[in-house]
Amino acid sequence: LDERNELTFVHDFMELSSIEYDWKDKTLYIGDRLTDKIHQMNFNKTQSIVIVEDNQISSIRTLAINWFKWKLYQLIIISEIRISELDGRYTIT
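Numbering (the working numbering), first residue to last: 1 to 93.
Don't read these hints as lab results, they were simulated from the structure. Some clues are possibly wrong.
Straight-line Cα separation of at most 25 Å, DSS-like style, residue types lysine-lysine; simulated pairs [said to hold, decoys possible]:
| # | residue 1 | residue 2 |
| --- | --- | --- |
| 1 | 69 | 24 |
| 2 | 71 | 37 |
| 3 | 71 | 26 |
| 4 | 26 | 69 |
| 5 | 37 | 24 |
| 6 | 69 | 37 |
| 7 | 71 | 24 |
| 8 | 26 | 37 |
Listed next, with one range per pair, are the computed distances between beta-carbon atoms [as the list claims (entries may be wrong)]:
| # | residue 1 | residue 2 | range |
| --- | --- | --- | --- |
| 9 | 42 | 79 | 29 to 39 Å |
| 10 | 83 | 19 | 29 to 39 Å |
| 11 | 21 | 83 | 15 to 25 Å |
| 12 | 73 | 49 | 17 to 27 Å |
| 13 | 43 | 79 | 23 to 33 Å |
| 14 | 26 | 78 | 13 to 23 Å |
| 15 | 79 | 26 | 16 to 26 Å |
| 16 | 34 | 68 | 25 to 35 Å |
| 17 | 67 | 90 | 12 to 22 Å |
| 18 | 64 | 43 | 24 to 34 Å |
| 19 | 87 | 62 | 25 to 35 Å |
All values derive from a computational prediction rather than experimental measurement. By construction, the Cβ of each residue, glycine as well, lies at the ideal position given by its N, Cα and C atoms.
Produce the complete structure using the sequences and hints provided.
Now the structure itself:
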């Protein structure tokens, strides 16, 4: 990319720790380590929602999507992996 083709998709995050892309639904998943939130954002920037908040996670290290079962994996700082639906529901450890 060069400066003429630059496009900003995310802003107003405190400490961005991870970005994951769901190619099927054209959705970004953004982990903010400082606020302990995971955001879900449509690629066309029409909607951004918090799907997981600080009382459920602490210090996100990275995110990953399971392409076969459509689950969101969350690796957090205390060496714990959490799995949830792509909308943040039904989290298990």
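Hints and how they fare:
1. For the hint pairing residue 69 with residue 24, the CA-to-CA distance comes to about 12 Å; that is within 25 Å, so the pair holds.
2. Between residue 71 and residue 37 the alpha-carbon distance is near 17 Å, which keeps this suggested pair within the 25 Å criterion.
3. Among the hinted pairs, residue 71 with residue 26 is consistent with the structure: their alpha-carbon atoms are about 15 Å apart, no more than 25 Å.
4. For the suggested pair residue 26 and residue 69, the alpha carbons sit about 17 Å apart, so the restraint of at most 25 Å is met.
5. In summary, the hint linking residue 37 to residue 24 is supported, as the alpha carbons are separated by about 23 Å, within the 25 Å threshold.
6. Among the hinted pairs, residue 69 with residue 37 is consistent with the structure: their alpha-carbon atoms are about 23 Å apart, no more than 25 Å.
7. Straight-line distance between C-alpha atoms of residue 71 and residue 24 comes to about 13 Å, which keeps the hinted pair within the 25 Å bound.
8. Among the hinted pairs, residue 26 with residue 37 is consistent with the structure: their alpha-carbon atoms are about 20 Å apart, no more than 25 Å.
9. The hinted window of 29 to 39 Å between residue 42 and residue 79 holds, with their beta carbons roughly 32 Å apart.
10. Roughly 18 Å separates the CB atoms of residue 83 and residue 19, a value that falls outside the hinted 29 to 39 Å.
11. Between residue 21 and residue 83 the Cβ separation comes to about 18 Å, which falls inside the hinted range of 15 to 25 Å.
12. A C-beta distance of roughly 19 Å is found between residue 73 and residue 49, which places it inside the suggested range of 17 to 27 Å.
13. Taking 23 to 33 Å as the suggested C-beta distance range, the pair residue 43 and residue 79 conforms, at roughly 32 Å.
14. A hinted range of 13 to 23 Å is violated for the C-beta pair residue 26 and residue 78, which are about 32 Å apart.
15. Taking 16 to 26 Å as the suggested C-beta distance range, the pair residue 79 and residue 26 does not conform, at roughly 32 Å.
16. Checked against the given bound of 25 to 35 Å, the beta carbons of residue 34 and residue 68, roughly 32 Å apart, stay inside it.
17. Look at residue 67 against residue 90: about 18 Å separates their beta carbons, and that is inside 12 to 22 Å.
18. In this structure the hint that residue 64 and residue 43 lie 24 to 34 Å apart at CB is violated, the actual value being about 18 Å.
19. Taking 25 to 35 Å as the suggested C-beta distance range, the pair residue 87 and residue 62 does not conform, at roughly 19 Å.
The earlier numbered hints that this structure contradicts are 10, 14, 15, 18 and 19.
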